Amino acid sequence: EAGVVQSPRYKIIEKKQPVAFWCNPISGHNTLYWYRQNLGQGPELLIRYENEEAVDDSQLPKDRFSAERLKGVDSTLKIQPAELGDSAVYLCASSFRTQGGNTIYFGEGSWLTVV
Amino acid sequence: AQSVTQLGSHVSVSEGALVLLRCNYSSSVPPYLFWYVQYPNQGLQLLLKYTSAATLVKGINGFEAEFKKSETSFHLTKPSAHMSDAAEYFCAVSASGSARQLTFGSGTQLTVLP
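Line by line, the protein sequences are chains A and B.
Throughout the first sequence, residue numbering follows this note's numbering, covering 113 to 227 in sequence.
Throughout the second sequence, residue numbering follows this note's numbering, covering 66 to 179 in sequence.
Hints in this document: simulated from the structure, not taken from any laboratory.
It should be emphasised that the depicted structure is a prediction, and the values quoted were computed from it without experimental measurement.
Among the clues, some could well be false.
Claimed, not checked - Here are a few chain A residues that face chain B, going by a calculated C-beta distance under 10 Å: (1) P155; (2) L158; (3) G197; (4) A205.
Just so you know, even glycine gets a beta-carbon here, dropped at the ideal spot from N, CA and C.
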């Protein structure tokens with residue numbers, strides 16, 4: 113079974129430039145998450161989708177970050193314009209149901225460096 | 066509201082020695098608890114999870130953890146460390162019920178010495 117797929121794996125951009133990350137969740141998983149992981153810290157939730165609806169985006173910096181999940185499958189996370197502090201790993205994850213005990217499966221992450 | 070505290074950002078053990086990684090949680094409702102491992106340049110992989118069944122949970126790679134409600138702890142152990150166990154370990158908590166909010170600790174970097 114294919115896992116959560118993310119691209120690109122690595123991206124280096126200059127500040128003020130835009131960047132986009134793509135995620136394909138595990139087949140059949142209706143819940144999709146975007147997390148941000150700063151160096152030396154645990155992941156922090158940015159946004160959670162149930163099918164195509166964003167049900168929790170309270171931690172998403174909406175002035176520069178946007179996300180979409182068209183057709184309830186793949187998702188894209190965009191940053192425009194990027195700032196130096198956005199350098200982090202952006203992790204996509206998915207799970208089958210929104211229940212506390214269900215396992216969340218993570219992709220390998222998209223590593224962003226803003227210079 | 067829920068939170069996780071991982072005691073010790075770095076832990077070093079000798080190969081063959083006991084591994085003990087500490088995790089304490091805070092949750093206003095009965096929690097579900099998880100341990101994830103992250104190898105360099107990779108995503109997070111689930112080691113084990115507690116979801117209100119047996120308090121002693123066995124996971125992959127010989128790891129296990131015990132849920133202790135009275136101590137609000139969920140420490141991760143392995144009897145004998147291997148070099149391949151060197152990685153970063155994250156404890157996470159989510160509230161039982163319908164809403165899924167997975168909150169992570171800050172991680173513990175495990176070094177295994179030859």
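- prompt: Among the hints numbered above, which are violated by the structure, and what are their numbers in rising order?
  reply: 2 and 3
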